[in-house]
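Okay, here's what each chain looks like letter by letter:
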Amino acid sequence: MATATMNYLRQHKLPHIWCPGCGDGIMVGALLRAIDKLGWSKDETVVVTGIGCSARSNAIIDFNTFQTTHGRALGFATGLKLARPELNVVVITGDGDGAGIGGNHLIHTARRNIDITTILVNNSIYGMTGGQYSPLTPAGAKATTAPFGRVEPNFDVCELVKGAGASFVARSTVFHVRQLEEMISQALTHKGFSFVEVIAQCPTGFGRRNKMRSPAEMMKWQRDHAVSAEAASKLPPEKLEGKFLTGVLHRSDRSEYTEMYQQVIAEASKRGGEQ
Amino acid sequence: MRYQIQVNTKWCKACGICVEFCPKAVLAQGDDGKVQVKNPEACIGCQLCELRCPDFAIEVGGVEK
Chain A
1 MATATMNYLR QHKLPHIWCP GCGDGIMVGA LLRAIDKLGW SKDETVVVTG IGCSARSNAI
61 IDFNTFQTTH GRALGFATGL KLARPELNVV VITGDGDGAG IGGNHLIHTA RRNIDITTIL
121 VNNSIYGMTG GQYSPLTPAG AKATTAPFGR VEPNFDVCEL VKGAGASFVA RSTVFHVRQL
181 EEMISQALTH KGFSFVEVIA QCPTGFGRRN KMRSPAEMMK WQRDHAVSAE AASKLPPEKL
241 EGKFLTGVLH RSDRSEYTEM YQQVIAEASK RGGEQ
Chain B
276 MRYQIQVNTK WCKACGICVE FCPKAVLAQG DDGKVQVKNP EACIGCQLCE LRCPDFAIEV
336 GGVEK
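Going down the list, the sequences are from chains A and B. Counting in the working numbering, the first sequence runs from 1 upward without gaps. Counting in the working numbering, the second sequence runs from 276 upward without gaps.
A few of these clues could be false.
[What the hints assert, rightly or not] With a straight-line cut-off of 25 Å between C-alpha atoms, the simulated DMTMM-like cross-links for lysine to aspartate or glutamate are:
| # | chain 1 | residue 1 | chain 2 | residue 2 |
| --- | --- | --- | --- | --- |
| 1 | A | Lys234 | A | Glu159 |
| 2 | A | Lys220 | B | Glu334 |
| 3 | A | Lys211 | B | Glu295 |
| 4 | B | Lys299 | A | Asp224 |
| 5 | A | Lys37 | B | Glu334 |
| 6 | A | Lys243 | B | Glu334 |
| 7 | A | Lys220 | B | Glu295 |
| 8 | A | Lys234 | A | Glu152 |
| 9 | A | Lys220 | B | Asp307 |
These are computed hints drawn from the structure, not numbers from a lab.
When you get a sec, could you build the whole thing from the sequences and use the hints?
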């Protein structure tokens, strides 16, 4: 298992730049094991990222990697997938990059249902840029831009992409690492826009401002607040207060964008470029 | 010994995650905070230390795939 992971890592880039206890490395491990089990080659796989801590995954993973501008990974990934539909395109983003700066790209990529897998690492904070709050920072939590606690509520990004049209939506945590690998694996093999929110810890940017200094303590919080969607369906609402759901949250069968676009190409070719 | 736990101390960042969640207290943090294998006989090969290591610094050998 470890050998498989090592085969997909640029080992000369390790140790990586992430802080001690950062959840990003755990997510990368789960992604690499999932890809290895699917047998995807490095050449037929592209990982696209924007800016932020999670985007630095691209420094250490040995696929075709493409680091783009802040929040715009999905825009670049859409162009790539349209030009080369045969490639496996994966986007790694964060709550700041994906739901804040790139929130508009996120909803429209979901709406198109293009065959891209997006892994959004939600560590509740803009880590790399200095600990500012993101749209997913919980109300009341402290950040450099909210020293007395954040006033407005966060949104549920899984509900957002589901509403926008994503055809596969799942959530897990880096504590639940085996479930996380399974959710990523299902997302990778799903045809259409697939989305996995990964609840992860940022001990440096979020934890130390919010009375959770140790990475393990933050992972215990994940353990104690996650409820599987299956279990939740049998629980009364009061038992779910303050908790979040994990597992596959939504799956639907919709036409995929690159396939639909092939019809446009065929029609245009038939007319020989005439209007 | 059934399982061989290998630690890459060059990559370990002393976060303590593996030590905290080992179900059999196999691991401990040394003076520098980095992980040490204190009780290898107790390892049950669950690999949770390896899977949860953010730094790819620990590997459990001898686990059937």
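Contradicted hints - numbers only: Hints 6 and 8 contradicted; others consistent.
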